[in-house]
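Taken in order, these protein sequences are the chains called S and Z. Quick note: the first sequence, position 290, residue 290 per the UniProt record's numbering, numbers continuous. Quick note: the second sequence, position 42, residue 42 per the UniProt record's numbering, numbers continuous.
One or more hints might be untrue.
Listed next, with one range per pair, are the computed distances between beta-carbon atoms [claimed, not checked]:
hint	chain 1	residue 1	chain 2	residue 2	range
1	S	Ser221	Z	Asp370	51 to 61 Å
2	S	Glu240	Z	Ala268	46 to 56 Å
3	S	Asp310	Z	Glu105	51 to 61 Å
4	S	Thr298	Z	Ser272	49 to 59 Å
Selected chain Z positions facing chain S (Cβ under 8 Å, derived; list incomplete) [claimed, not checked]:
hint	residue
5	Phe164
6	Tyr223
7	Ala230
8	Ala277
9	Ala280
10	Leu282
11	Val320
12	Gly321
13	Arg355
Hints are computed from structural coordinates only; laboratory data are not their basis. Don't be surprised by glycine CBs; every beta carbon is placed ideally from N, CA and C.
Number of protein chains: 2
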Amino acid sequence: MALVRPENPQQARLVRLLRDEGPRSRVELGDLLGLSRTALTTELDRLTARGLVETAGPAASRGGRRSSLLRLSGGVRFASVVVATDRVTVAITDGELNVLAETDEVADVRDGPEPVTGRAVELVDKLRAELGVTELTGVGVALPGPVDGGTSTAPAVLPRWQRFPVRDAFAAELGCPVLVDNDANVLALGERHAGIGRTVEDFLYLKLGTAIGCGLVLGGSLYRGATSSAGDIAHLPLGEEGPPCACGEAGCLEAYCGDVGLVRAALAVARSDRSPALAARLAEAGGLTVADVAAAATAGDAATQLLVRDAARRLGRVLVGLVSFFNPGIVVIGGAPDGFGHLLLSEIRGVVYRRSAPLATGTMPIVLSDLAGRAAVVGAAHLASEHVFSAG
Amino acid sequence: MALVRPENPQQARLVRLLRDEGPRSRVELGDLLGLSRTALTTELDRLTARGLVETAGPAASRGGRRSSLLRLSGGVRFASVVVATDRVTVAITDGELNVLAETDEVADVRDGPEPVTGRAVELVDKLRAELGVTELTGVGVALPGPVDGGTSTAPAVLPRWQRFPVRDAFAAELGCPVLVDNDANVLALGERHAGIGRTVEDFLYLKLGTAIGCGLVLGGSLYRGATSSAGDIAHLPLGEEGPPCACGEAGCLEAYCGDVGLVRAALAVARSDRSPALAARLAEAGGLTVADVAAAATAGDAATQLLVRDAARRLGRVLVGLVSFFNPGIVVIGGAPDGFGHLLLSEIRGVVYRRSAPLATGTMPIVLSDLAGRAAVVGAAHLASEHVFSAG
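Excised from the complex, chain S in its bound form (with noise of 0.2 Å):
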């Protein structure tokens, strides 16, 4: 199938209708769009005709003539490739953005662009192959720091991706659109269609992990900001003063609260004679993880729970600026590791309520985000229906 867009304003607001809502009849479209009966009709063949838009089935009866539901067609297919810094998820959803397969690899972005991409390229053909998906309507690609026009700029945490093009990499092998963005927005734009953010037209999302990044919803939609890197956190300086940063600065909010950054305070913990627990794991590995933190202050240990309460203090107070500047309706924490989060919580928490501008906080819920792993593939195919799904 060559790629097929909705034809018109109408069209479009028809087919996000149906990946965000699933199949519904006539009389339920006609009612959500406020579109007469004739209009609807028209645009619904329109869109058989070109193979975005199928009959389900019948539905449920309202008494009258029985009417049948219409979806999106099984031709409509989006493929979600993650980039993390050590692993490679890739992902193939239907046009209501359910997960058909999916599959993980270990890759470190180290290794440059080429091999990772391009073995991002074969996973999306395995998963292609299993399903027996011939074409793609379009791919959405999620990259662990900044991007721009489909290119990375972040030299310091993807050294050697700096102007590699990316989404020319993948739209040249996959032949079809392919939509970049960094990977706090692409987990922004997956809560918004499968988590909290369903009921919540303007939230924000923290993402916490190796990478530090924030995804601002307004509206319902993801903002990008004037240059495309509104939420671009992870070098905000905390003081003068404090440890060295990828970036080549100091005392960076990523530097403090990234994944290497709580490993750094850790194994200064378990090197010192604070933390026996740390110490043990220590010698036991050889290094310790951002796991083996969560794991030492979930089982008590005085010295990790003071280390992790002190990055999640650093958290809040970033935070309740952000919060007091931008008023979200709910704050969406997510990206760390399990069990990491939680600990984390209660600390952000209690420094936000305490000290952000009583309006602005006085009912935000600030919550653990509950889709884990799926939120990044669900909001990658997001990212592509996005662009595929608007008037052409």
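Dock chain Z against the given chain S, drawing on the hints supplied.
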């Protein structure tokens, strides 16, 4: 004239276009709005019959039949009320938000809302009598602090105003729709209509002075946040310690960089032996103002310059966070006393350009507002017009 609002979205777009662009021919309006000649004529006839639009005179000939210009009717008149902590300013504008008459008077908000709003109504009535304006189309009110649903919520700055129904009080006296917002939002609207913000879709307005705040314009419209408190950065904590703030906390941005904080720091300098200039001024006047601080710094007094640079650096560090997060196209700074803005600007620029994410700030100008006091009255009129010029 009873309140007349546009009947549908096309009419609303027409009157907003005439507000923002001034008199236009039918051909230009059709082109700008993408409306057919028939649809345009229908809507313009209805707007004319309803007294919102009138013929302004012949348009410049394009070689064919002469067409006439259309403009907002002379019956469209907005009033602006700008309440500062020590002064109230009122103005009357036409539909294009040109100021037809303006006056201001000393007024202390600590006297409470009744005398201040009462006096503002008298001043509006005085201007109406001078101009022969019998009916107002709408009134915009700016308050120096957070506003929630037409009511002030800032007991620190407006101690006796909390829960006073500002909107209802004006509406009862002036008999037309009244819109109330905080001064930073109103100033941002003024910049959007008449200042550098005309050409920028996404910008941040940083308001200095007695109360510190931000107005955010996103996609050309003011962004208010989930609970109308976006931009409310006055009480951001800059550290665990710091000077006391009117809000009851310590170390807030406003306690350092608001007028009260600057004067407190200047008094400390004057009473030490570090600034002969400020000491002499204090001895002469019995107190200090921000204008005295600006004068001493401009005259080269080293201790005063240090004090100003310290405040500017604190503002700069907060801006680094906001700019990284929000990625505006431009930052506009206003609200500081004459001469003071320039003193702050270069230091603020230095901090922001040094420590922001390059992608966000590489091309981002930081400028002083060139509208001076006019931004507030134009912005207040704009606030009212946005409401009245929406489909009723």
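Checklist entry - Was the hint right that Ala277 of chain Z lines chain S, CB cutoff 8 Å? => result violated (29 Å)
Checklist entry - Taking the closest Cβ pair, is Leu282 of chain Z under 8 Å from chain S? => result violated (32 Å)
Checklist entry - Does 51 to 61 Å hold as the CB distance between Ser221 of chain S and Asp370 of chain Z, or does it fail? => result Since Ser221 of chain S and Asp370 of chain Z have Cβ atoms about 32 Å apart, the given range 51 to 61 Å is violated.
Item to check | Hinted contact Val320 of chain Z with chain S - closest CB pair below 8 Å | outcome: Holds, about 7 Å.
Next on the checklist: Given the hint of 46 to 56 Å, is the C-beta distance from Glu240 of chain S to Ala268 of chain Z inside that range or not?
Outcome noted: violated (23 Å)
Checklist entry - Given Arg355 of chain Z was flagged as interface, is its beta-carbon under 8 Å from a beta-carbon of chain S? => result holds (5 Å)
Checklist entry - Lying within 51 to 61 Å: is that true of the beta-carbon distance Asp310 of chain S to Glu105 of chain Z? => result holds (52 Å)
Item to check | Hint check, Tyr223 of chain Z versus chain S [nearest Cβ-Cβ separation less than 8 Å] | outcome: holds (7 Å)
Checklist entry - With a cut-off of 8 Å, does the beta carbon of Ala280 of chain Z approach a beta carbon of chain S closely enough for the hint to hold? => result Nearest chain S Cβ about 34 Å off; hint violated.
Item to check | Supplied contact hint for Gly321 of chain Z, tested at 8 Å Cβ to chain S | outcome: holds (5 Å)
Checklist entry - Regarding the hint that Ala230 of chain Z lies at the interface with chain S, is the smallest CB-CB distance below 8 Å? => result holds (4 Å)
Next on the checklist: Next item in the hint list is Phe164 of chain Z. Is there a CB on chain S closer than 8 Å to its CB?
Outcome noted: violated (16 Å)
In the structure shown, a violation is registered for the earlier hints numbered 1, 2, 5, 8, 9, 10, in ascending order.
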